[in-house]
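2 protein chains.
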Amino acid sequence: MINSFIKYARELFGAGFIPLHRPVFEGNEREYLVDCIDSNFVSSVGTKVIEFENRVADFTGSKHAIAMVNGTAALHIAIKLAGVKPGDEVISQALTFVATCNAISYAGAEPVFIDVDLDTMGLSPTSLQRFLERSAEKRSNGTFNKLSGKRISACVPMHTFGFPCRIKEIAKICVDWDIALIEDAAESLGSYVASRHTGVFSSMATLSFNGNKVITTGGGGMIITDDSELAKRAKHITTTAKVPHPYEFVHNEIGYNYRMPNLNAALGCAQLEQLPAKLVAKRTLFDYYLTAFEPVKGVNLMAEPKQCLSNYWLQTIMLNADQTQHRDDILKATNEIGLMTRPVWRLMHQLTPFANCPRMDLTSAEQLEQRLINIPSSPSLLEIVE
Amino acid sequence: MINSFIKYARELFGAGFIPLHRPVFEGNEREYLVDCIDSNFVSSVGTKVIEFENRVADFTGSKHAIAMVNGTAALHIAIKLAGVKPGDEVISQALTFVATCNAISYAGAEPVFIDVDLDTMGLSPTSLQRFLERSAEKRSNGTFNKLSGKRISACVPMHTFGFPCRIKEIAKICVDWDIALIEDAAESLGSYVASRHTGVFSSMATLSFNGNKVITTGGGGMIITDDSELAKRAKHITTTAKVPHPYEFVHNEIGYNYRMPNLNAALGCAQLEQLPAKLVAKRTLFDYYLTAFEPVKGVNLMAEPKQCLSNYWLQTIMLNADQTQHRDDILKATNEIGLMTRPVWRLMHQLTPFANCPRMDLTSAEQLEQRLINIPSSPSLLEIVE
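The listed protein sequences derive, respectively, from chains D and Y. Each position in the first sequence, counted from 1, maps to that position plus 137 in the working numbering. Each position in the second sequence, counted from 1, maps to that position plus 137 in the working numbering.
Some clues are possibly wrong.
To be verified - Simulated pairs of lysine-lysine, DSSO-like, Cα-Cα distance not exceeding 30 Å:
1) D:Lys469 to Y:Lys217
2) D:Lys217 to Y:Lys217
3) Y:Lys469 to D:Lys372
4) Y:Lys283 to Y:Lys217
5) Y:Lys379 to D:Lys469
6) Y:Lys283 to D:Lys287
7) D:Lys469 to Y:Lys369
8) D:Lys222 to Y:Lys469
9) D:Lys200 to Y:Lys287
10) Y:Lys369 to Y:Lys305
11) Y:Lys222 to Y:Lys372
12) Y:Lys287 to D:Lys287
13) Y:Lys222 to D:Lys379
14) D:Lys217 to D:Lys200
15) D:Lys217 to Y:Lys222
16) Y:Lys217 to D:Lys372
17) Y:Lys469 to D:Lys217
18) D:Lys305 to D:Lys217
19) D:Lys222 to Y:Lys305
20) D:Lys443 to D:Lys200
21) D:Lys469 to Y:Lys372
Stated by the list, open to error - Chain Y stretches covered by chain D per the calculated footprint, using a threshold of three residues with CB under 8 Å from any CB of chain D:
22) 176-186
23) 202-212
Everything labelled a hint here was simulated from the structure, so no lab data went into it. Glycine is no exception: its CB is placed at the ideal position from the N, C-alpha and C atoms.
With these hints in hand, go ahead and build the complete structure from the sequences.
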């Protein structure tokens, strides 16, 4: 199976080194960066930041967008503004990038791990409902974990690898249980549920523009929200909570230095112009993979859920349940020959810092960890295969 | 006095808008940014980050430099790595930018405000010694505040506006009392005590490359240290505490997403090449100010302390003690005509989030707040005056 996997991958891509995800700079990147330098505004104030925010807000169909240094900072602030307090619990998935759980811990809270769905790889509304019914109770001042006695103040599901999770069902449960919902849309810029962009199903969602994402600002992240008050708060608290004044320096709460520099936003503006083309390329790559790997037995390519559009950020194969013994050999063999692949992240409850966090049955997450492999996903791969 | 102040400033600069501090991009900025895009590495991995770190380490005479998203992040990590634990107290000055105190609070600790020296505007070793003798006691497990019962685990003095504080005396006291010392050198790149760069008198120091600083990376900061183990820890914890592996994602503690992107480091490399020239320009500007304001009664230009070199980041005038009633009028009048000036930051103990922190007598800080005004300091002003 490994050999046939490599054979078909090599037929697609030839013999060179193939990274997992490589950014492409084929638009106005160089021009906008030079403009930014010429404008003399490279730091946290500048027209490019505003332009980038407005364009992402338009693209996602959100009223407001607040650009930050990275997706982790955006998660931290969203969790804080959602009302999470030290000592609270925040529901999330064990199958996620560590930033989700780090951000929860920056707010002094603890993640609670709920299982994911096998098909979406995102938080399972069925597991969420089951956990809340069994372990939580609604009180006048919020929903509490009956076992730990702690308040469950927020829920942070992720649209894993750009594949939308069942966010509408999750949102309904969170409303019923009076739990703040924050979509971790770090990986899903360009992914939709029905015709609505991921991230607009919750009061706040977070995006990432890290180097490996669909578009990049070097380092960058964002909160999107329709709530003007939250947007204002997010901007204030990420700008060191400085009270606006032409020359006085007064800060009215503990704030953060989290705003995206104008330089990085300039790169973002250029990248965003190419996003529609990148999304088409990534979708086309999926089609190539579908055809190329069709003869390979024992694996399936992950496809977008029904009525959803995935941005296909990371193309993902799933080994059949009886083929998991091949996972490590495939990873080893492909990486050794310069065909970059990777497993999903080590599950959060298996990491030392989160090993003692409360968790439910995580059978699906644990199965997926054994069965999933991300394969090369750069939109530029089309130039090779076409 | 206000009129004569404005008259002499206008004689120097003419009638245009004069910002407080404007970055200058007259070197290889555009080229290096384009190179960075061409290299395809814009994010947290890349040769420009390493090059920028090595060059700053060389410039400051430090063994290691770890580049981060901004100075606040660098302070946060330095404070954490110095061993500051939640519930501790950290000594600092009330006359500082809010980032110092925010970073202390991110670590779960509380600032204790000690007075500054009138001539350096930085932490006063005399006040520090007095505070420790009166209020602290050494125990087997550290130095404790006798009144609050809390451990005093670190001391963070700042080289205010680039003027070196009495860091050698402070360092000696910190050694005697077994308190970790972290120099906040955010404003003092290019400032020296005798022939040693500020920041090398403590186990770790932090720099800032914000847009208003002597050199800028858009947003950026750095820890410099001679301690290889601390440098390694700083790099690890700011890279999400990821355990190095070609494809596995394992994180062994709660980490941060704080590394400087390669794009910003590219800008930093170009800026650093111009640093010596900028320092000369700022020193020359000081000389112009000295001559131009000589006839203005009631104010003095702040000069570098003896045996020290200031980078003259922000040029600063001090009103005579009997002239403080003019401060607000000068600020108002100058800003109204586009000649940017500003007072020092609102003192930390006067800000809501830090109003209840322990503090000593702060007479000098309070005096300086009434007497100091920062005046236009861009190195590019030389083009106007010369």
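Verification of the supplied hints:
1. D:Lys469 to Y:Lys217: With Cα atoms ~37 Å apart, Lys469 (chain D) and Lys217 (chain Y) exceed 30 Å; violated.
2. D:Lys217 to Y:Lys217: 21 Å, holds
3. Y:Lys469 to D:Lys372: Holds. Lys469 (chain Y) to Lys372 (chain D) sits at ~27 Å (cutoff 30 Å).
4. Y:Lys283 to Y:Lys217: Holds, because 23 Å separates the two Cα atoms, which is no more than 30 Å.
5. Y:Lys379 to D:Lys469: With a Cα-Cα distance of about 19 Å, the restraint between Lys379 (chain Y) and Lys469 (chain D) holds, given a limit of 30 Å.
6. Y:Lys283 to D:Lys287: 34 Å, violated
7. D:Lys469 to Y:Lys369: 28 Å, holds
8. D:Lys222 to Y:Lys469: Outside the cut-off at roughly 41 Å; violated.
9. D:Lys200 to Y:Lys287: Given that 30 Å is the threshold and the Cα spacing comes to 46 Å, the pair is violated.
10. Y:Lys369 to Y:Lys305: 26 Å, holds
11. Y:Lys222 to Y:Lys372: It holds: about 20 Å lies between the C-alpha atoms, which stays within 30 Å.
12. Y:Lys287 to D:Lys287: 27 Å, holds
13. Y:Lys222 to D:Lys379: Distance of about 27 Å is within 30 Å: holds.
14. D:Lys217 to D:Lys200: With Cα atoms ~20 Å apart, Lys217 (chain D) and Lys200 (chain D) stay inside 30 Å; holds.
15. D:Lys217 to Y:Lys222: 21 Å, holds
16. Y:Lys217 to D:Lys372: 26 Å, holds
17. Y:Lys469 to D:Lys217: The given pair, whose Cα atoms are some 37 Å apart, is violated under the 30 Å limit.
18. D:Lys305 to D:Lys217: Holds, at about 23 Å.
19. D:Lys222 to Y:Lys305: 41 Å, violated
20. D:Lys443 to D:Lys200: 27 Å, holds
21. D:Lys469 to Y:Lys372: 27 Å, holds
22. 176-186: holds (count 6)
23. 202-212: Our answer is that it holds, as 5 residues pass the Cβ test (under 8 Å) against chain D, meeting three.
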